[in-house]
Every structure is written in C-alpha cells, then in structure tokens.
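Participant: Spelled out, the chains give:
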Amino acid sequence: MTLPSPWRADFPAFAAFENDGITYLDTAATAQKPQAVLDALQAYYAQGAANVHRAQHRPGERATQAFETARSKVATWLGAGSAQEIVFTRGTTEALNLLAYGLEAHFKPGDEIVISALEHHANLLPWQQLALRRGLKLVVLPLTPSGHVDLAIAAERIGPRTRLLAISQLSNVLGTWQPLAELSQMAHDQGAWVVVDGAQGVVHGRHRPQDLGADFYAFSGHKLYAPEAIGILWGRPEALTALSPWQFGGEMVKAADYHQSEFHAPPMGFEAGTPPVAAAIGLGAALDWLSAQDEASLFGHEQALCIKLWAGLAAREGVRVLGEPQIALASIVVNGVHVADLSHMLGEQGIAVRAGNHCAMPLFKQLGEAGSLRISLGIYSDSTDLERFFMALDNALELLR
Amino acid sequence: MTALTEEAQAALDAFTTANGWEARSRLLLQWATRLPDVETRRDEDLVHGCESQVWVTHQRDGNRNQFRAGSDSRILRGLLAVLLARANGLTDEELADLNVHDWLHQLGLERQLSASRGNGLRAVVERMKALSAI
Ligand SMILES: Cc1ncc(COP(=O)(O)O)c(C=O)c1O
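Quick mapping for you: the protein sequence lines, in order, are chains A and B. First residue of the first sequence? That's 1 in UniProt numbering, and the numbers climb one at a time after it. First residue of the second sequence? That's 1 in UniProt numbering, and the numbers climb one at a time after it.
Chain A extracted, bound-state conformation (with noise of 0.2 Å):
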C-alpha cells in the first residue's frame, strides 16, 4: 500500500533532494521548513529589519508587533493563559540552562533533582552542572524494557527532599512516550518542580503543558517546522515568578544605573539582548501552517507510516529495535553488525539517518550498546522514503554479512 504525504508539496526541500538522490530520514534531529516559513522569513527581511521593543520608528513597530504577534501564537498552541508565559529562548537546551541557573538560588545542598535514566544531554547537563554547583544530589530513574520511566522505582525516589523533577516528554532516541502524569503527581505531592523537555514531544500531537503537569515546558522551533534559533520556554505564570534573571544585557532591564539595576518580569526579563525576530515570527507561520491542516489526518498518517516502519523493521532477521516506540521514530542495533558500518552503507546510498548515541551517551551506557541508526520520520514523510530506506538497509546488510 502507498502512503504519499499529502503536506509533501508544501516543503521546498523535497524537489532539492530529489535531485541530489537524498532520502530524508533524519526529521528527529532537524525537520524541513514549509514554504509558508520561507516566504515569512523572504516578507520580514524584504519589508526592512528592525530591532524590536526599541525603537519608534514605523519599521520597529512592525517587528516588535510581528515578534509579539508570534509570542501569542505560540501561547495559542500550548494553550496557555497569556502570551507573558511564553519566554523566547534560542533553543530546548537554552531554556533549560535557562531553569537550572534561573532557579539556582532555591536549592540547598542536599537537595534533590530527579531526572530519568533516558535525557538528552541538554536535560541531564544543565541539572549535573547544577548538582556540582550546589552540592546537590541528581537521582536518575531507571527505566523498564519497554523505555518507559519505571513508576514503581520512581515512586521510592521521589521523596521529600525532591525539590525539581526534569523529565523528556518523548525519547528521542526511544520514541517512547514518558508517564508524566503519574510523574508530575509523584513530584508535585513532594512540593518539587516539573520541568518538561518537550523538544520532541511538541512536534507528535498537540499537548497542553499545563495538561501534562509541567511548571515549565521546552521546546526548540527547528524540531517543529520552524527556524534555527528560536525555542520557548513556557512556564506556569506562579512558577515564573520563582526565576532569577540569568542572562544580562539590553531590552531585560527596566532601569539601569552604574552600581544597581531593576530587571523586568517574565518573559521580557528574560530575554537579554536582541532576539532572533526572524525566527520567531518564522515559528508563528509554522504554527499557523501546522493549525491550518487537520490534525486527525496528520495522525493518521504518520500512523500507518508507523505501522509500515515497524512491520519493515520486523521482517529483517537480526534488526532488535531499542524499546518499544510509540511515534515514527525508531533507533535501531543489527546483531553483528556495526553502526558506523550500517551508517557508511546507507550514507553511500543516499539515505539521511543519524547514527550513533543522539546525545545520549549515559542512556547507551545503561543499555549496554554502542549506538544505534535512528530513522525519524515527520508529516512529509511517505512510503517512498521507507521503500528506499529498506532497499538501502537490505543492500547494507547484504555487502555486511
């Protein structure tokens, strides 16, 4: 059965790697943008650049009211109460640094953070280099065979001395969706923090932070059919106050005298110096693009690709997928097989994937393998893309056994 993207025309890059013979496979690390992103970033820069919230001249009223106009697209799409609970940042891993130095101040050493077994580098740095700082104590929650946070362990080390929970909404080197509800409840009856990377959760479905028991949310725009440069933190208008300002500069400050200053409250506290305006208003076309199609079909779609992916991977005698994937993401080991050796193979032949531990490294460690190929697919994705890719694997496999 064919599976054609009915959103793949609206992605420029497709024809670009048609031509180059590219099978793109790789939308976990980075997706491709719409036209809709291109022609807004093409309208921002053609009708004159400014700087926002600066200046009064008639090009910067425009960009701050495009900028600000972005910022309440994004507070519509995670459904949050105002556009104030939506700091731009430059990314998933900015916002995060941006938590761990922002709430600093409210940690004793003896402290607790919990996070799990399965982050991303950019979720486990930022909390270690906190712990080291403080003389904290980060515990790390194991996880089942499946890839799942185990609740039953978790429920023994969230304790009284959590004082911040920071968790993947969705692994990305797994798939695997994580039980934030059950989590979020464990830390949240502790009195403890929930911090929620949500990098590649954002882009599978719409979820409302505050649904999930986040006190704060991230999320990079690049992984959402969005420019480079931007994220979002979101945070709970409560838990945002509980943030010291950690990035000093312009346009964050409300007075500044030599020896003291007075800062503003979030977000624009928290957005020290000129921010990437273009970026952000390149995420506001995404995000309108994305709510202008029809969610059911876009579920559906990267459903039966799922489903395809799966039963492909299946059918190869010697491929073990790592955990269970719930999403068109799956990290795959071939027994006897090198990863860098599956990785050349398929790079020969023209097929994007990523190979190797996906910033992850201590989760591989605990999982005993030394990397993994990883196929992640998005909304423009098709049947093609997985016909060339096991045509591709098969061939690998064949030159390698």
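These are computed hints drawn from the structure, not numbers from a lab. Be a bit skeptical, because a hint or two may be false.
Which chain A residues face chain B? A few, computed with CB under 10 Å, are given here [what the hints assert, rightly or not]:
id: 1; residue: Gly-110
id: 2; residue: Val-337
id: 3; residue: Ala-355
id: 4; residue: Pro-362
id: 5; residue: Gln-366
id: 6; residue: Ala-370
Cβ coordinates follow ideal geometry from the N, Cα and C atoms, glycine included.
Dock chain B with the ligand against the given chain A, drawing on the hints supplied.
Facilitator: Relative to the frame of chain A, chain B with the ligand by itself:
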C-alpha cells in the same frame, strides 16, 4: 610528492578501478583485513573525536614512521588501512608533506574525510602527524 610505497600503489590500483559505491565499499571491507592492528587497545591510544572508537600507535623503523590502528568498525578499518598504506614507511618530512585529502581523493574516498562524517578520520590524521612529530 614522494613515490608511492608498494602498498600505496596497490591501494591506488584497486580503488581507481572500483566503480560506484558498492564496489568501493566491498574494497574497503577487503582492505579492512589488511590493517596492521594495534597490539593492545590502551586508553591512551584512543583517538577522541570519533563516534566509533579508534586506537592508533606509532613506531619508528630507522627514520621511517610505522603506524598501527584498530577499530570495531570494518569500514573504518578499511579507511585506516588505505591511510596507513600511504603513510607507513614515510620519513617525518614526507609525512609532514603528505596531503591526506589528495590521497583519499585519488581513491575516490574524499567524502570520508569531511568534517560532518562521524568517522573521525580527520582526528586520526591529526593524531598521526602529532605522533610523528614527537
Ligand atoms: C529530547 C531532546 N531534548 C533536547 C534537545 C536539544 O534541542 P536543541 O539542540 O534544539 O536545543 C533535543 C534535540 O536534539 C532533543 O531531542
């Protein structure tokens, strides 16, 4: 350019007649078996900057450099084999002058050296030059 060693000439002859990625890959897998492997895998011989682990050791044979290298990846072993085929037996001066990019280009393997390839061949070349300079 220094004259090619016998081993280097053999690599050149083999790879210039290989047409297409499949033939090249097969050749790399064959050459993998010719790689002079390190005797023991010691942490201090690990080259950082590779997604796959690579070990490199160095010895002098008179004024000639001799390298050994190991990896679990067969393709990487093949690439290391053609690299060492060119570099082994060279003097320090010859090694310093060796243009690895040109060499791999002659073999049709230049893409393997690009910065975004996770195989870390670049880091290996740097390590080799550093070892010979000691
Ligand atoms: C789960 C997860 N968290 C965080 C990140 C970091 O995102 P960025 O590099 O856009 O800051 C990624 C991206 O690879 C990710 O997959």
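Participant: All hints are to be evaluated individually against the structure, with a verdict given for each.
Facilitator: We went through each hint and held it up to the structure:
no. : hint    : in the structure
1   : Gly-110 : violated (35 Å)
2   : Val-337 : holds (9 Å)
3   : Ala-355 : holds (7 Å)
4   : Pro-362 : violated (16 Å)
5   : Gln-366 : violated (18 Å)
6   : Ala-370 : holds (7 Å)
Violated hints, listed in ascending order, are 1, 4 and 5; each of the other numbered hints is respected by the structure.
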